[in-house]
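Participant: If you want the building blocks of each chain, they are given just below.
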Amino acid sequence: MTAGMVLRRLAAGVLVLWLVSVLTFLLVQLTPGDPAELIAGENATVEDVARIREQLGLNAPVVEQYLRWCGDLLRGDLGDSLFSGRSVAETIAQAAPATLSITGLAIAVAVVVGVGAGLVAGLKQGSWVDRAVSTVATLGIAMPSFWVAMLLISAFALSNRWLPATGYAPLREGLWPWLSHLILPATALGLATAAELARHTRGSVCDVLVRPYIRTARARGASGFWLVRRHLLRNAAIPVVTVLGLQAGRLLGGSIVVEVVAGITGLGTTAINAVLQRDYPVIQGYVLFSAVIVVLVNLAVDLTYGWINPKVRVA
Amino acid sequence: MTAAATLPAPVRRRPLRAVLRRPSSAVAFAFLVLLVGSAIAAPVIAPHDPDAQELGNRFAGVSLSHLAGTDEFGRDVLSRLLYAARIAVTAPLISVGVAVLVGLPAGLWAGRRRGVVDAVSGRLADTLLSLPALASALAIVAVLGPGLTNAMIAVGIIFSPTVFRVVRGATLAVAEETFIESAAAIGCSTRRTLWVHVLPNIAAPLLVQVTILMGVALLAEASLSFIGLGVQPPDASWGSMLGAAYRSQYDAPYAVVPPGIALVLTVLTFNTLGDALRDVLSGRRAS
Amino acid sequence: MTAAPLATGTAPATAEALLSVRGLTLDLGTTQPGLVQDVEFTVPKGRSVALIGESGCGKTLTAMAILGLLPRAVRVVSGEIDFAGTDLLTCGPRELRRIRGGPVGAVFQEPMSSLDPTMTVGDQIAEARRIHFKEGRRTAREHARGLLDRVGIPDAKRRLDSYPHEMSGGMQQRVMIAAAIAGEPRLVLADEPTTALDVTIQAEILELLRDLRRDLGLAVLLVTHDLGVVADFCDEVVVMYAGHVVEKAPVREAFRTPAHPYTSALLGSVPRSDRARTPLEVIGGRVPPAGSFPGGCRFRPRCRHAAASCGEPQADTVLAAGHHTCCGRVAAGDLTPGREL
Numbered sequence: 001m002t003a004g005m006v007l008r009r010l011a012a013g014v015l016v017l018w019l020v021s022v023l024t025f026l027l028v029q030l031t032p033g034d035p036a037e038l039i040a041g042e043n044a045t046v047e048d049v050a051r052i053r054e055q056l057g058l059n060a061p062v063v064e065q066y067l068r069w070c071g072d073l074l075r076g077d078l079g080d081s082l083f084s085g086r087s088v089a090e091t092i093a094q095a096a097p098a099t100l101s102i103t104g105l106a107i108a109v110a111v112v113v114g115v116g117a118g119l120v121a122g123l124k125q126g127s128w129v130d131r132a133v134s135t136v137a138t139l140g141i142a143m144p145s146f147w148v149a150m151l152l153i154s155a156f157a158l159s160n161r162w163l164p165a166t167g168y169a170p171l172r173e174g175l176w177p178w179l180s181h182l183i184l185p186a187t188a189l190g191l192a193t194a195a196e197l198a199r200h201t202r203g204s205v206c207d208v209l210v211r212p213y214i215r216t217a218r219a220r221g222a223s224g225f226w227l228v229r230r231h232l233l234r235n236a237a238i239p240v241v242t243v244l245g246l247q248a249g250r251l252l253g254g255s256i257v258v259e260v261v262a263g264i265t266g267l268g269t270t271a272i273n274a275v276l277q278r279d280y281p282v283i284q285g286y287v288l289f290s291a292v293i294v295v296l297v298n299l300a301v302d303l304t305y306g307w308i309n310p311k312v313r314v315a
Numbered sequence: 001m002t003a004a005a006t007l008p009a010p011v012r013r014r015p016l017r018a019v020l021r022r023p024s025s026a027v028a029f030a031f032l033v034l035l036v037g038s039a040i041a042a043p044v045i046a047p048h049d050p051d052a053q054e055l056g057n058r059f060a061g062v063s064l065s066h067l068a069g070t071d072e073f074g075r076d077v078l079s080r081l082l083y084a085a086r087i088a089v090t091a092p093l094i095s096v097g098v099a100v101l102v103g104l105p106a107g108l109w110a111g112r113r114r115g116v117v118d119a120v121s122g123r124l125a126d127t128l129l130s131l132p133a134l135a136s137a138l139a140i141v142a143v144l145g146p147g148l149t150n151a152m153i154a155v156g157i158i159f160s161p162t163v164f165r166v167v168r169g170a171t172l173a174v175a176e177e178t179f180i181e182s183a184a185a186i187g188c189s190t191r192r193t194l195w196v197h198v199l200p201n202i203a204a205p206l207l208v209q210v211t212i213l214m215g216v217a218l219l220a221e222a223s224l225s226f227i228g229l230g231v232q233p234p235d236a237s238w239g240s241m242l243g244a245a246y247r248s249q250y251d252a253p254y255a256v257v258p259p260g261i262a263l264v265l266t267v268l269t270f271n272t273l274g275d276a277l278r279d280v281l282s283g284r285r286a287s
Numbered sequence: 001m002t003a004a005p006l007a008t009g010t011a012p013a014t015a016e017a018l019l020s021v022r023g024l025t026l027d028l029g030t031t032q033p034g035l036v037q038d039v040e041f042t043v044p045k046g047r048s049v050a051l052i053g054e055s056g057c058g059k060t061l062t063a064m065a066i067l068g069l070l071p072r073a074v075r076v077v078s079g080e081i082d083f084a085g086t087d088l089l090t091c092g093p094r095e096l097r098r099i100r101g102g103p104v105g106a107v108f109q110e111p112m113s114s115l116d117p118t119m120t121v122g123d124q125i126a127e128a129r130r131i132h133f134k135e136g137r138r139t140a141r142e143h144a145r146g147l148l149d150r151v152g153i154p155d156a157k158r159r160l161d162s163y164p165h166e167m168s169g170g171m172q173q174r175v176m177i178a179a180a181i182a183g184e185p186r187l188v189l190a191d192e193p194t195t196a197l198d199v200t201i202q203a204e205i206l207e208l209l210r211d212l213r214r215d216l217g218l219a220v221l222l223v224t225h226d227l228g229v230v231a232d233f234c235d236e237v238v239v240m241y242a243g244h245v246v247e248k249a250p251v252r253e254a255f256r257t258p259a260h261p262y263t264s265a266l267l268g269s270v271p272r273s274d275r276a277r278t279p280l281e282v283i284g285g286r287v288p289p290a291g292s293f294p295g296g297c298r299f300r301p302r303c304r305h306a307a308a309s310c311g312e313p314q315a316d317t318v319l320a321a322g323h324h325t326c327c328g329r330v331a332a333g334d335l336t337p338g339r340e341l
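Protein chains in written order, with UniProt numbering: chain P, 1 to 315; chain Z, 1 to 287; chain Y, 1 to 341.
Hints were generated in silico from the structure; no laboratory data involved. It is possible that part of the hints are untrue.
Claimed, not checked - Taking lysine-lysine and the DSBU-like style, the derived pairs with C-alpha atoms no more than 35 Å apart in a straight line are: (1) 157(Y) <-> 45(Y); (2) 134(Y) <-> 311(P); (3) 134(Y) <-> 45(Y); (4) 134(Y) <-> 124(P); (5) 157(Y) <-> 134(Y); (6) 124(P) <-> 311(P); (7) 311(P) <-> 157(Y).
Claimed, not checked - Residues of chain Z clear of chain P, computed beta-carbon distances all greater than 12 Å: (8) 35; (9) 55; (10) 63.
A virtual CB, placed ideally from N, CA and C, is assigned to each residue, including glycine.
Bound conformation, chain P alone (with noise of 0.2 Å):
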């Protein structure tokens, strides 16, 4: 991939975060009646109203309030929580690491058991591992990670002890307690993008196995699992690619729910939080990072794909 391919990328990239600035700053406009009120509360006196309305700025003009909003943005300052009135930024960098964790260890789970499911059912096609992958990927997408969450720390944290129910451990406290906080949710949140994931691979392999470029190679000798790795793999890698951008800000999305059932402190539980007491500031600074995240993936994927499809680099 060229400088230049990247440099578009990045200005895309860029377009979407600022699109989002500007809807995130429409959600406190937008509500019905005057915002500073709701919030307040119904016992409130009329000074904390004025104090919401100061520190939310909503005296000045919506142009001056965007333009000093965005300034603040610029400088990395979200505002302050308007309930425990610590810095934004600061509340977000501290739910920040146990959603990251949970999410990007799904994506983990998801690429190894989609991947790999959808790689045998393809070069299987038509036997009961097909059939049996692709019942189970019918299956994995209905379910709701929640619930699936709540059925494997019943059976493996509460029936049997085997990791514990809830909570988070930084990952400085160690692999293994990190790791196995984080298991049981991850898997649960993965399986719907693991599931996803394998059907797509499935039917991508399906697909280029009939190429005659994997005739070619049969005819050089080439079988087994070398043909795998230097044919099929990266050419069916390219559709699935694709969709696992895609998958990204759902996983992002599906952690809010599933830090509930783990009892992990997170950034959903943060947000979730935020709007039953519609703390606006911790709101919009959740779904600007969440917007950041997503962008960066979505960037990693770009990249990787035009290392992954030849093609793409010097179009």
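Start from chain P and add chains Z and Y according to the hints.
Facilitator: Just chains Z and Y now, kept in the frame of chain P:
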């Protein structure tokens, strides 16, 4: 969701019959009929008042009077499941309705007018789609306030770019067809062309998308109700029942099973019908 | 007619035969008649044999059977494919893998889709070296560079790291050929190697194949429907129609005195510089789809000489040394071999 750019195949005369000829979708359709039936007939067939509490009989197991046991307030789980079926049917309809209401006209407009309108709305749709869906839904619920209707409207807004894309893609593809040109040539107005000629041709991909979105909407409803932003007590949806079951996990570990299975079966039903419709309407054979 | 020693024929393979296909019958595992029925021919060492016919006549299937790369649905009913003493139909996958890309190389049509788009051409050429000679990455790459040179690609060292889509069709086909000879084959199967290419490029590719044949002593089985290529390149011709071999002959004889109405019709449909004023003939109709092959001579419905006897099974008849026909009317003397047939 890749159906966007391809030209819709002409709708077969009896797509429903073709769909029902497959065993899997026949079963799915039967389940859907059963679900809608029990949602409508819930007051008649439910053995108990879903909100009647029997505090002396909490977390009761399966018995003749409580076929699926009771919950943390001693309410009959089966009756609550049946009443919750009403929400399972109506809540996704709200979301899909909102999505179609926003996405259909916008998609038709962008697909017909092209140019700046298309570029701007396309960008906006891409942006919304690039956000984690549940995160955006949360943000919208923050504005509208919690509650089932608000939550489902939020989900509908999140879905609208998907509908927009499908409609826009189909409109673009149909607009290339010569019969649209001839309609214009004999003096059909743009609006008339859209409603009379374009709409029937995008019905197929839209129908497929809507069916699949029903399942996604139900999952979203369950998620939002589970975390308390959707249906509010004492009403019950399968998602909120799962939430209650989660909170009483130590007292009644199996309470998570019935609402979960109801949820999975219903989502499975929508997905199966959606896949079958897609195959039938695009002229593909059963895979 | 005396039974002269045969260059190609039904007799047991002579010492000089490199590949002999005997009684090869392929079908779809249904009651339909064979897609390929009782096909027999021989490729002698260092010689070049053409397998010709319209598309759908079973020539590519025959070639794929030799490589053990038949589509899943196709079943081998009977026959023998003897390559240098090994029966490729019964030898088992391990032996087959040893032979594919090693002693038997293959060049396919449409190089664009037959080369792996995600692999550099260097790696694709080196692949056979690595598989069959267990060479390391570096040694194989060195060989690949030499092979690129050999097939006439300039600036070979730089080109090793190119991807197929960065090359022209002619260059891609040169890469295919380099990859096919990388395993030091004794036989190369070339399935329509020039069909997808521009006419000028076709000539260059044929020139290259001819050079390689001479220098490496290769035997070539050329599968094609292009008679111009055959005249230019081959020693012997095997004509197939609807899964049957209808005629086998040395190339000169096949062109001068075709002994089957189908061969003659094929020849008539090719423009010739020495008969500029003669209108081209068209063979009416088309090859019937597998499953609706007629009994007896399968060309019968399209043949202008068809008689009642053509509905009977046709025997293979030897007309002269190495010249076979399965046209009963030619064998009986009703018809005289020649281009006016």
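Participant: Test the statement that residue 35(Z) is away from the interface with chain P: the closest C-beta pair must be farther apart than 12 Å.
Facilitator: holds, 14 Å
Participant: Quickly compare the C-alpha distance for residue 134(Y) and residue 311(P) to 35 Å and report which way the hint goes.
Facilitator: Within the cut-off at roughly 30 Å; holds.
Participant: Please verify whether residue 134(Y) and residue 124(P) have alpha carbons no more than 35 Å apart.
Facilitator: holds, 28 Å
Participant: Has the given pair, residue 311(P) with residue 157(Y), been kept, meaning a C-alpha gap of at most 35 Å?
Facilitator: This hinted pair holds, its Cα atoms lying about 21 Å apart.
Participant: Is residue 157(Y) within 35 Å of residue 45(Y), Cα to Cα?
Facilitator: OK: residue 157(Y) and residue 45(Y) at ~33 Å, within 35 Å.
Participant: Sort out whether residue 311(P) lies within 35 Å of residue 124(P), counting only the CA atoms.
Facilitator: holds, 29 Å
Participant: Please work out if residue 157(Y) and residue 134(Y) have their alpha carbons no farther apart than 35 Å.
Facilitator: holds, 22 Å
Participant: Would you check the hint for residue 134(Y) and residue 45(Y), treating anything up to 35 Å between C-alpha atoms as holding?
Facilitator: holds, 27 Å
Participant: Is the Cβ of residue 63(Z) more than 12 Å away from each Cβ in chain P?
Facilitator: At roughly 23 Å from the nearest Cβ of chain P, residue 63(Z) sits farther out than 12 Å, so the non-interface label holds.
Participant: Over 12 Å from every CB of chain P: does residue 55(Z) meet that, or does the non-interface label fail?
Facilitator: About 25 Å separates residue 55(Z) from the closest Cβ of chain P, which puts it past 12 Å; holds.
Checked against the numbered hints given earlier, this structure breaks none of them.
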